[in-house]
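J.: Going line by line, the protein sequences match chains A and B. Take the first sequence: its letters are residues 1 to 300, numbered as in this note's numbering. Take the second sequence: its letters are residues 301 to 608, numbered as in this note's numbering.
These aren't lab readings, by the way, just hints derived from the structure by calculation. Don't be surprised by glycine CBs; every beta carbon is placed ideally from N, CA and C.
Which bits of chain B does chain A cover? Going by a derived footprint, with three or more residues having C-beta under 8 Å, they are:
#, region
1, 333-342
2, 437-443
Calculated lysine-lysine pairs in the DSSO-like style (CA-CA distance at most 30 Å, straight line):
#, chain 1, residue 1, chain 2, residue 2
3, B, Lys355, B, Lys373
4, A, Lys24, B, Lys409
5, B, Lys355, B, Lys382
6, B, Lys355, A, Lys154
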Amino acid sequence: MERRVSTPSARPKAAALSWRRSRKARGRLVYLASYTVIVLGAIIVFFPLYWQISTSLKTPQDLFRWPPVWVPIPPHPENYLEVANVVPLGQYILNSATICAFSILGTLLSCSLAAYGFARLRFPGRDVIFLILISPMILPGAVTLVAQFVMFQKLGWYNTYLPLIVPAYFGDAFFIFLLRQFFLGIPLELEDAARIDGAGFFGTYWRIILPLATPALATVAIFRFMWTWNDFFGPLVYLSDTRKFTLPLGLAFFQGSPHSTVQMHLLMAMAVVIVIPCALVYFFAQRLFIQGIVFTGVKG
Amino acid sequence: MRAATDSKVPPRIGSLQAREALFGYLFILPAVLGFLIFIAGPIVASLYFSLTDYKIISAPNWVGLANYTRLLKDPIFWQSLKVTLVYAVLSLPLGLVMSLSLAVLMNQKIRGISFWRTVYYLPAVISGAAVAVLWRWILNPEFGLVNVLLKYLGIEGPKWLQDSRWALPSLVMISLWAVGGSMVIYLSGLQGIATELYEAAEMDGAGSWRRFVHVTIPMLSPVIFFNVVMGLIGAFQWFTEPFVMTRGGPSQSTLSYMLNLYNNAFQFFKMGYASAMAWVLFVLVLLLTLAVFRSSPMWVHYEAQRGR
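With the hints as constraints, model all of the structure from the sequences given.
T.: So, in structure tokens, the structure goes:
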């Protein structure tokens, strides 16, 4: 392409053109290289998940075959029924869902209340109290772990869901921070109008602010769901009765000693059951989700 | 409540303010109680427990600093600290470089960017036990995906999680699988950088590398800073993967600090000793975070005005 142009000094216009062209060509090359890296990386990232699903649809014999079975044909979805015979899968799902539902409700209520107080109402010491309340965001949970355990144990809450649910009704640094930020962006005029119509502080919060804050509340609910659904440490510490286990705890329990490879197809089926709700929530609420992530990372 | 419309009378205003303050305290009451009961109280209590011999069944028995001096002489404590530091030193910088490079690549006008972003972010959504059992299967020495692929290349792969030299690097590798999480954050940070800055740098004759070093990195540094601090805190509490995948083995090569603490508290019921470990962790994290904060003026660039 550049051959046609003779000497750059002799014909400046053509030289500029050729320079621009070669730059464009280089740009295209960079683009192509980047694209290749992105696609290859995406394959590497996605393949383990594919392998999880594919393993969950294999027969036990397929697991140990050489060459490996890349695509299980025919697939064996009955593995998902079989795993429910080996472990109380339905019970685990119910347990996890129960804890999630109550945690989400508590988080939404307590955090939106506090966030509204900090964002809109004036009272002495407000900003200092706010700073103290959000400070646990950078506190390692290990510091409170032992004493919390002792406290819940003394209350007779060991081996119940209460230690996993009740704290959600008493606020959370991160979500209070997130919601307050959102409330600060809601125009004051809307509340003033409600106030003139005779609404009290609580009425304004309940009827004006909460409906306006639906996207922020949805973001909080999604995060709370993901964290509670995937939480391993809390249930591990507080639950001892296998019937009360959550899905992740049941999965680890099913896996048993860290040296067994038997029933890998069933183990993966159970893992897929854990992954599916998270993946679905992520796909359908992606915009909210990414916003939340970005918010936590950038504004923090 | 209904009478509040009329506010001409001065005393009213005072009472209105008082009412607002009262409601303010009521709104934040659950959160304040939560902080006192679930955070502040336990912090103080665990400091006290750390100075006692406490096995839950009997009352705590004051031992002064004995738990702390015992920690210093405990080889398992040092091993778990070493494992955690190695994990942090390997996984944090590697994760930073990978997620930042990916974000820069994605920041071009890439076709189907939202699709790729979705794929990269996926592993970050499904953290925990489901990921741990999956990777244990993938790293299975005989039938796992990794060694199967290596076999195609004629390489006999190591025993990964069952080999004390490979177990920790394997777990670092798995942590890198979730770099998409921070990539998304960096990507949005990159998209927030004004194009005028790049144009100005280009006018000054800066090539793409120099634009990256002198424009991208400074503008992104607050985000990087935040992620480094959070990553540090997270790394010190690293638990689920070593617990589910290796139980800290083989020969304690993956015994993370948190796993060691868990064992002491909930396997051996040494609540006092575990509390001392928790406080050492707290102080270490605090010091490291402070060090990062202190160093921040050297590398974190804050704009004079941050719009909100």
